[in-house]
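Those letters in the sequence shown? Residues -17 to 246, by the numbering used here.
Possibly wrong hints are sitting among the right ones.
List of simulated lysine-lysine pairs, DSS-like, C-alpha gap at most 30 angstroms [stated by the list, open to error]: (1) K126 to K155; (2) K157 to K99; (3) K240 to K99; (4) K193 to K223; (5) K37 to K77; (6) K191 to K125; (7) K77 to K157; (8) K240 to K30; (9) K126 to K99; (10) K214 to K77; (11) K187 to K153; (12) K193 to K126; (13) K217 to K77; (14) K223 to K37; (15) K126 to K108; (16) K77 to K126; (17) K153 to K125; (18) K108 to K146.
Derived DEER-like restraints, expressed as beta-carbon distance ranges [said to hold, decoys possible]: (19) N109 to S156: 21 to 27 angstroms; (20) N52 to N109: 30 to 36 angstroms; (21) E84 to G174: 38 to 44 angstroms.
None of these hints come from the bench; they were simulated from the model. The model shown is predicted, which means the values in this text are computed figures rather than measured ones. Cβ coordinates follow ideal geometry from the N, Cα and C atoms, glycine included.
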Amino acid sequence: MNRRRFFTLIGVAVVSLLLTIGLPLLSESTVVAQSNGNLLVSAAASLKDAMEEIKTAYQQSKPGTNINYNFGASGALLQQIQQGAPADIFISAGKKQVDALEQAGQLVPGTRAILAKNRLVLVVPKNVAGVSSFYNLTGNNIKKIAIGEPRSVPAGQYGEEVLKKLGIFEKVKSKFVYANNVRQVLAAVESGNADAGLVYRTDAKISDKVKTVVAADEKYHSPITYPMAVLKSSKNVAAAKDFVQFLSGEQAKGILTKYGFLLP
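Work out the full structure: start from the sequences and follow the hints.
Next comes the structure, spelled out in structure tokens:
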């Protein structure tokens, strides 16, 4: 046996021994590698603060997973996904956006779930007085009402439903200042560019520049839920499923509750 062949056989034997000894460890590493990676989550703008904290909590236990967010109006995010924009997970502030993807066969079966619920509230700048109900929006002192564009912003849709149920929609619609997402509605009220606005309770909770006048009666609008699901176009379905599972767990629920969300 020549010298080269001898060392080749020794090398094969050593590698075989290492593989045999390390097989359980390698298998576990493979599973971890498959469940980790880069994730892009398209989520409703109202979830921003809570989701950033959830990301930190998740990455403490899964440091190999890099999570990036794309926050915006649910309708706009839906259009992006329908037009082929990359995303692993979609979390909407309205049911119909996720329904559209499910009907088109774009969701991974069995991954759809409700992340949280919310309430719609009327807010005004902190220094404004004399507004105690939705009916005050018809007054001459309220000249601009910030509201999400109802075709793409679920909060705007819910707001219109409430105003129509209360019978004041036609009286106030000329005052509307439309925003591209609910955080822009909040910003308009904070800056004084709007005399009032319709946002989620969670948005009002994070601002010290607005005050909540009243919460809309839930019987006056469609249920405010945040459905989520993994997209079939995901490049890392295993990691996406794992993150969705974490979002349904106790730690994530605690964070959502802290920010004022209601549990499903």
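30 angstroms Cα cutoff - pair K153, K125: holds, 12 angstroms
task: Using the beta carbons of E84 and G174, state whether their distance is inside 38 to 44 angstroms or not.
output: The hinted range 38 to 44 angstroms holds for E84 and G174, with Cβ atoms some 41 angstroms apart.
- request: Would you check the hint for K240 and K99, treating anything up to 30 angstroms between C-alpha atoms as holding?
  value: holds, 13 angstroms
message: For K223 and K37, compute the direct alpha-carbon distance and say whether it is at most 30 angstroms.
response: Status holds; Cα separation ~15 angstroms.
message: Given the hinted pair K187 and K153, is their Cα-Cα distance within 30 angstroms?
response: Measuring from Cα to Cα gives roughly 28 angstroms; hence the hint holds.
query: Does the structure keep K126 and K108 at a Cα separation of 30 angstroms or less?
result: Holds, at about 16 angstroms.
field: Holds or violated: K193 to K126, with C-alpha atoms at most 30 angstroms apart
entry: holds, 16 angstroms
- request: Assess, step by step, whether the Cα of K240 is no farther than 30 angstroms from the Cα of K30, and give holds or violated.
  value: It holds: about 13 angstroms lies between the C-alpha atoms, which stays within 30 angstroms.
query: Straight-line Cα separation of K77 and K126 no greater than 30 angstroms?
result: OK: K77 and K126 at ~29 angstroms, within 30 angstroms.
message: Just to be careful, I want the Cα atoms of K126 and K155 compared with a cutoff of 30 angstroms; is the pair within it?
response: Status holds; Cα separation ~10 angstroms.
query: Does K193 pair with K223 here, judged by a C-alpha cut-off of 30 angstroms?
result: Violated: K193 and K223 sit about 38 angstroms apart, past 30 angstroms.
message: Would the hint linking K108 and K146 be met if the CA-CA limit is 30 angstroms?
response: holds, 26 angstroms
Consistency note: the structure conflicts with earlier hint 4 alone.
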